Structure formats: C-alpha cells, structure tokens
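So the protein sequences, as listed, match chains A and B. Using our numbering, the first residue of the first sequence is number 1, and each one after it goes up by one. Using our numbering, the first residue of the second sequence is number 1001, and each one after it goes up by one.
It is worth saying that the hints were derived from the structure and are not from the lab. Please note: incorrect hints may appear among the correct ones.
What the hints assert, rightly or not - Within a straight-line C-alpha distance of at most 27 Å, the following computed DSSO-like cross-link-like pairs (lysine-lysine) qualify:
#1 B/Lys1076 - B/Lys1052
#2 B/Lys1052 - B/Lys1065
#3 A/Lys107 - A/Lys45
#4 B/Lys1043 - A/Lys45
#5 B/Lys1076 - B/Lys1065
#6 A/Lys103 - B/Lys1043
#7 B/Lys1065 - B/Lys1043
#8 B/Lys1058 - B/Lys1043
#9 B/Lys1076 - A/Lys45
#10 A/Lys45 - A/Lys103
#11 A/Lys107 - B/Lys1043
#12 B/Lys1058 - B/Lys1076
#13 B/Lys1058 - A/Lys45
#14 B/Lys1076 - A/Lys103
To be verified - One-sided and incomplete, this derived list gives chain B residues near chain A with beta-carbon spacing under 7 Å:
#15 Glu1001
#16 Trp1033
#17 Ala1040
#18 Tyr1080
#19 Trp1110
Quick caveat, the model's predicted, so the values are computed rather than measured. Glycine is no exception: its CB is placed at the ideal position from the N, C-alpha and C atoms.
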Amino acid sequence: DIQMIQSPSSLSASVGDRVTITCRASQSISNYLNWYQQQPGEAPKLLIYGASSLQSGVPSRFSGSGSGTDFTLTISSLQPEDFATYYCQQSNSPPRTFGQGTKVEIK
Amino acid sequence: EVQLVESGGGLVQPGGSLRLSCAASGLSFSNFWMSWVRQAPGKGLEWVANIKQDGGEKYYVDSVKGRFTISRDNAKNSLYLQMNSLRAEDTAVYYCARDYRRTGWFADYWGQGTLVTVSS
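Model the full assembly from the supplied sequences, consistent with the hints where possible.
Following this line, the structure appears as structure tokens:
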C-alpha cells in the first residue's frame, strides 16, 4: 500500500497568515493527489483534486502543487473558517490511503 | 442537490455483525463508483472500500478483507456495507461518498456519517 505522510501534524497560525502543509507519498503517484478539509463533527470537504485543481466553490486562497511524491497545500491568507484539519489522499492505486492529517489551530 | 444519508450504525458486541446503508438522491446513482470511508474517534480518515457502477469491481483495505462486503442496489439508489466479525478497532464513524474521476479519483459528495461502536 502507498503510505502518505503529512507534515506538520499540527500548526498554530493567525488570521491572515500564509500556511503551507506538505504531503509525501511512499512512491510516485503522478498527480493523483487530493486535499480535504474537515471541521469538527462534520464530513470531509473536497478542496483540491489532481494535485492542483480547485474544486468548484472552494475559495481561491486555497492552492495545491506537486507531482510524483511531494505535494503542498497552501492557504494564502488564513481566514477564521479555515481553522480545521486537512488531509491528503492518493488515488493512484487502491487502497486510496489518506495522510494522518494536519490540524490548523488559532495562534 | 446531492444527498447521501447513512443509517444502520449502533452498538454491537465484538464478533457481531452490522449492515450499513447509504441512501442516495439528487444524482444518477448508477453512473458512479461509490466508497465507504471511516474515522475512528479522535483519529484520521481511513478509506475502507469502493464499488463500481454495476457492482462488478470492488476493492477493500486489507484490514477489512474477508469481513466486510460492499454492495449496491441501483434500483433503490442505495449503497451497503455488510460488516461481520466486528472488532473493537472497527469502532468509527462510517461515511459513504461518491467517487468521481477527473485527473484521478476523488470523493466529492459525502454523507453525514453513521457511528458504529464495537464493545461488550
């Protein structure tokens, strides 16, 4: 199975900060990488698919990049509603493994 | 509006069985792969299984192979997860999700989840 490692596991940031989360795959997954946001008590929400394509309705402050094994999710200017947990997921091959998550907290 | 509504969760003893259901509306259910994803309390997301439109292909995470069976009834717009030989580590919220393919696969619609608790 492909392992997905996110870093950091958690971070503290302020409103307006630029935030970057990284995700590394244990083998090349081309650009088959998705990012999800999950608020407490809610279902995950798709943000980015195909490493860099923004899902419809997602604010443009979210962006994704990378290919092969190394990927990043960037929030250009953190907003109050962005404090949540973020997960990467590979869809190169089943099982479609997730990273362990990155919790973004208020500084 | 796409809606996915899970049901069937509850408390079950170790070794017991449970069948989860996911009722879909607002989409052409028979046109899409569907998935189950779970989340243990306080933990991250774990992809569990998925199924092709006609049920002809199914994939499972190793930890549930031989114990869980994913199925669907396109006439009823419903997805199922039959869970047998349940273990404490299967305790989680179980989400159903629609799979979509565009530059890889992703889950773009999710249900609200149903909680399964395996405990004596």
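How the hints compare with the structure:
1. Restraint check: the Cα-Cα separation between B/Lys1076 and B/Lys1052 comes to about 16 Å, which is no more than 27 Å; the hinted pair holds.
2. Our distance criterion of 27 Å between C-alpha atoms is met by B/Lys1052 and B/Lys1065, whose separation comes to about 17 Å.
3. Our distance criterion of 27 Å between C-alpha atoms is met by A/Lys107 and A/Lys45, whose separation comes to about 23 Å.
4. Between B/Lys1043 and A/Lys45 the CA atoms are separated by roughly 17 Å; this keeps the pair inside 27 Å, and the hint holds.
5. Among the hinted pairs, B/Lys1076 with B/Lys1065 is consistent with the structure: their alpha-carbon atoms are about 26 Å apart, no more than 27 Å.
6. About 11 Å separates the Cα atoms of A/Lys103 and B/Lys1043, which keeps this hinted pair within 27 Å; it holds.
7. Taken as a hint, the B/Lys1065 and B/Lys1043 pair is honoured in the structure, with Cα atoms around 21 Å apart against an allowance of 27 Å.
8. Straight-line distance between C-alpha atoms of B/Lys1058 and B/Lys1043 comes to about 25 Å, which keeps the hinted pair within the 27 Å bound.
9. A distance of roughly 26 Å separates the Cα atoms of B/Lys1076 and A/Lys45; the hinted pair therefore holds under the 27 Å criterion.
10. With a C-alpha separation of about 15 Å, the suggested pairing of A/Lys45 with A/Lys103 holds against the 27 Å cut-off.
11. Between A/Lys107 and B/Lys1043, the direct Cα distance comes to roughly 22 Å. Compliance with the 27 Å bound is thereby established for this hinted pair.
12. Taking the CA atoms of B/Lys1058 and B/Lys1076, the gap is near 19 Å; set against the 27 Å cutoff, the hint holds.
13. A hinted pair counts as satisfied when its Cα atoms are at most 27 Å apart, and B/Lys1058 with A/Lys45 qualifies at roughly 24 Å.
14. For the hint pairing B/Lys1076 with A/Lys103, the CA-to-CA distance comes to about 38 Å; that exceeds 27 Å, so the pair is violated.
15. Annotation: interface hint on B/Glu1001 violated; nearest CB of chain A at approximately 13 Å, more than 7 Å.
16. Among the interface hints, the one on B/Trp1033 is violated; its C-beta lies about 11 Å from the nearest C-beta in chain A, farther than the 7 Å criterion.
17. A distance limit of 7 Å between C-beta atoms decides the matter here; for B/Ala1040 the minimum to chain A is near 12 Å, and the interface restraint is violated.
18. Interface hint status for B/Tyr1080: violated, as the beta-carbon distance to the closest one in chain A is roughly 19 Å, over 7 Å.
19. The criterion of a C-beta within 7 Å of any C-beta in chain A is met by B/Trp1110, whose closest approach is roughly 4 Å, and the hint holds.
In terms of the numbered hints stated before, the structure departs from hints 14, 15, 16, 17 and 18, listed from lowest to highest.
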